[in-house]
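Asker: Sequence:
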Amino acid sequence: PTKDGRGKPDVVAPGMFITSARSDGRTDTFNCGTPISSVGTSLATPQVSGAAALVRDYFKQGFYPSGSRVASDSITKLSAVLVKSIIIASAVRVYS
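In this note's numbering, the protein residues as written are 143 to 238.
Possibly wrong hints are sitting among the right ones.
What the hints assert, rightly or not - Calculated cross-link-like contacts (lysine-lysine; reagent style DSSO-like; alpha-carbon spacing at most 27 Å):
id, residue 1, residue 2
1, K145, K226
2, K150, K226
3, K219, K202
4, K202, K226
It is worth saying that the hints were derived from the structure and are not from the lab.
I would like the entire structure built from these sequences, with the hints used as guidance.
Answerer: Here is the structure:
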């Protein structure tokens, strides 16, 4: 929490025991190689980025406010602050 007791709005994602694709190192094969498990922020960051992309797409496709796709409800200019706020508001509190 902050000094005045408010919850600090960090967004975190799992970074332990994440299975991902490993490149075979060749650009001509388009082969992801064999899956690997690893730990760290390099694996957590894409999860939050993916969540942000899904939030943005939800509004762009016109699912808000009805939950059904309505083209006339499409919101194409969504600020990064709004996307982050939606992610924070939908998060589950983590206690340490």
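Asker: Evaluate each hint against the coordinates.
Answerer: Evaluated hints:
Restraint check for K145 and K226: satisfied, since their Cα atoms lie roughly 22 Å apart, inside the 27 Å limit. Distance restraint check for K150 and K226: the Cα-Cα separation of roughly 13 Å lies within the 27 Å cut-off, and the hinted pair is therefore satisfied. The straight-line distance between the Cα atoms of K219 and K202 is roughly 8 Å, inside the 27 Å bound, and the hint therefore holds. Distance restraint check for K202 and K226: the Cα-Cα separation of roughly 16 Å lies within the 27 Å cut-off, and the hinted pair is therefore satisfied.
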